[in-house]
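For reference, the chains in residue letters:
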Amino acid sequence: MSEKHEKLIDKKGIRLDGRKADELRPLKLEVGVLPNADGSAYIEHGKNKILVGVFGPREVHPKHLSRPDRMVLKCRYHMAPFSVPERKSPAPSRREVELGKVIKESLEPALFPELYPRTGIDVYVEVLQADGGTRCASITAAALAIADSGIPMRDLVVACAAGKVEDTVVLDLYDAEDKLGAADVPVAYMPNLNAVTLLQMDGILTPDEFEKAVNMAMEGCKKIYAMQKEALKTKYMTVKEETKEEVEE
Amino acid sequence: MPTFFEAKQLVTPGELLAEGDYQAGENAYVEAGKIYASRIGLADLENKKVNVVALRAFYVPKVGDIVIGAVTEVGFNGWTIDIKAPYSAMLRASDVLSRPFKPQNDELSQVLDTGDLIVAKVASYDRAHDPQLTVGEPGLGKITRGQIMRVTPTKIPRVIGRKGSMISMIKQETGCQIILGLNGVILVTGKTPEDEELAMAAIKKIEDESHTTGLTDRITQLLKEEKAKREANKQ
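These protein sequence lines are chains A and B, in that order.
The first sequence runs 0 to 248 under numbering that gives the first Met the number 0.
The second sequence runs 0 to 234 under numbering that gives the first Met the number 0.
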């Protein structure tokens with residue numbers, strides 16, 4: 000960040016990184032990147048780079064955490080020491096523990112925990128590079144990794160944030176906007192069931208602005224959802240196409 | 000009361016499949032009268048029942064299933080077996096020894112030790128109890144030779160083929176004995192390691208191309224070609 004105060008949005012409504020108010024950052028999603036995990040996904044959301052690995056359902060350790068009537072979900076959100084400009088201590092911080100809990104709670108409604116009692120699934124979220132909005136990117140990638148592991152789901156969960164920067168409601172804040180802006184509203188959402196699984200707000204918004212931000216975030220979610228489905232299908236499509244070519248030969 | 004998919008369409012979790020007078024089959028669920036997919040797979044309609052043939056799933060034990068597992072722990076009166084399922088299975092000493100079992104006389108690790116592989120049948124399993132295995136039937140018990148491979152458990156029916164056509168063809172062409180564990184573990188025992196490799200290559204191909212048609216013919220062709228190649232190399 001430069002020392003002197005720059006405008007976050009110019010007169011034409013273009014943001015510091017060149018986006019319009021309702022524009023997402025470029026997104027890249029990949030499924031099944033870790034052969035050692037039961038399911039995995041990788042997301043590049045703007046400058047965010049996040050890797051998610053899923054294990055399970057398997058026996059829970061320590062044993063007392065298992066539940067006789069349902070499957071338990073455990074989430075670990077962790078930022079690599081090199082994920083931010085200033086070295087981050089690799090020990091879990093208060094913020095990381097909280098985000099682990101938030102991610103867990105936004106994914107839980109998508110699962111069928113009653114199907115596999117006494118078991119647990121583990122979701123490991125590793126942030127390799129952070130640039131604002133990592134909780135949302137993590138949820139999007141974690142949902143893909145769970146689907147890739149073959150665990151039944153009600154729907155994929157997508158997350159996206161909206162917020163306020165210099166009196167304008169904008170979509171998908173990045174680090175600078177998050178820090179200097181007025182508010183941030185992350186939303187996680189299951190598009191097919193039209194159910195919100197996470198809604199947070201950091202900052203101050205009027206009721207009108209809040210509604211606008213939530214709707215904007217949900218629109219963003221729908222766009223990401225299409226890409227999410229595409230990424231999941233791509234992994235299994237390649238197999239299909241390869242065999243098709245063989246037949247033609 | 001429409002359906003929203005074409006036969007064998009690739010669907011993702013949460014995709015709306017049908018509405019109204021339909022039943023949710025495998026890997027599908029009902030919410031407010033609508034049927035959605037719950038796993039990534041290929042959707043199929045079978046007499047008003049909407050199924051999704053999962054492309055990725057894990058093994059869930061069922062009573063009567065033949066499974067292949069590895070001993071992970073030798074206990075006081077039995078063994079713990081890893082059957083590649085969400086639950087580890089138990090094998091009781093009295094079941095293996097087929098005579099009254101006394102902990103002071105019998106050293107269990109001499110019968111089966113950690114790391115040993117066994118073919119077993121699921122004797123009992125429900126929500127509240129871990130699966131119990133049995134080896135008290137012909138063909139079950141410790142594995143002494145052969146090679147082990149793993150496939151996605153959902154692909155096992157494809158390896159078997161219609162009325163066992165695929166598997167009996169592979170057995171015939173390679174001269175191998177093949178035991179399919181429904182948990183996705185397969186035991187291949189042949190006269191030579193080459194025969195085993197060939198059978199395993201065929202099974203691998205089935206797993207990779209399980210959703211294509213005319214697979215049996217292509218597998219037959221593959222086996223014949225490989226065999227011809229080997230004959231040529233010998234000369």
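Hints are computed from structural coordinates only; laboratory data are not their basis.
Where a beta carbon is used, it is the ideal one built from N, C-alpha and C, also for glycine.
Take the hints with a grain of salt, since some may be wrong.
As the list claims (entries may be wrong) - In silico lysine-lysine, BS3-like type, Cα no more than 27 Å apart, as pairs:
hint, chain 1, residue 1, chain 2, residue 2
1, B, K83, A, K62
2, B, K83, A, K232
3, A, K222, B, K48
4, B, K203, A, K234
5, A, K232, B, K141
6, A, K87, A, K100
7, B, K228, B, K7
8, A, K103, B, K83
9, B, K154, A, K221
10, B, K83, B, K33
11, A, K62, B, K7
12, A, K48, B, K48
13, A, K73, B, K83
14, A, K234, B, K204
15, B, K7, A, K222
16, B, K228, B, K203
17, B, K226, A, K232
18, A, K46, B, K33
19, A, K234, B, K120
20, A, K221, B, K228
21, A, K232, B, K120
22, B, K228, A, K234
23, B, K48, A, K232
24, B, K228, A, K232
25, B, K7, A, K232
Unchecked claim - Computed far set for chain B versus chain A, every beta-carbon distance over 10 Å:
hint, residue
26, L15
27, V59
28, R126
29, G135
30, T215
For this session: Hint by hint, work out which the structure violates, then give me just those numbers in ascending order.
Result: 3, 5, 7, 9, 10, 11, 12, 17, 18, 19, 20, 21, 22, 24, 26, 27 and 28
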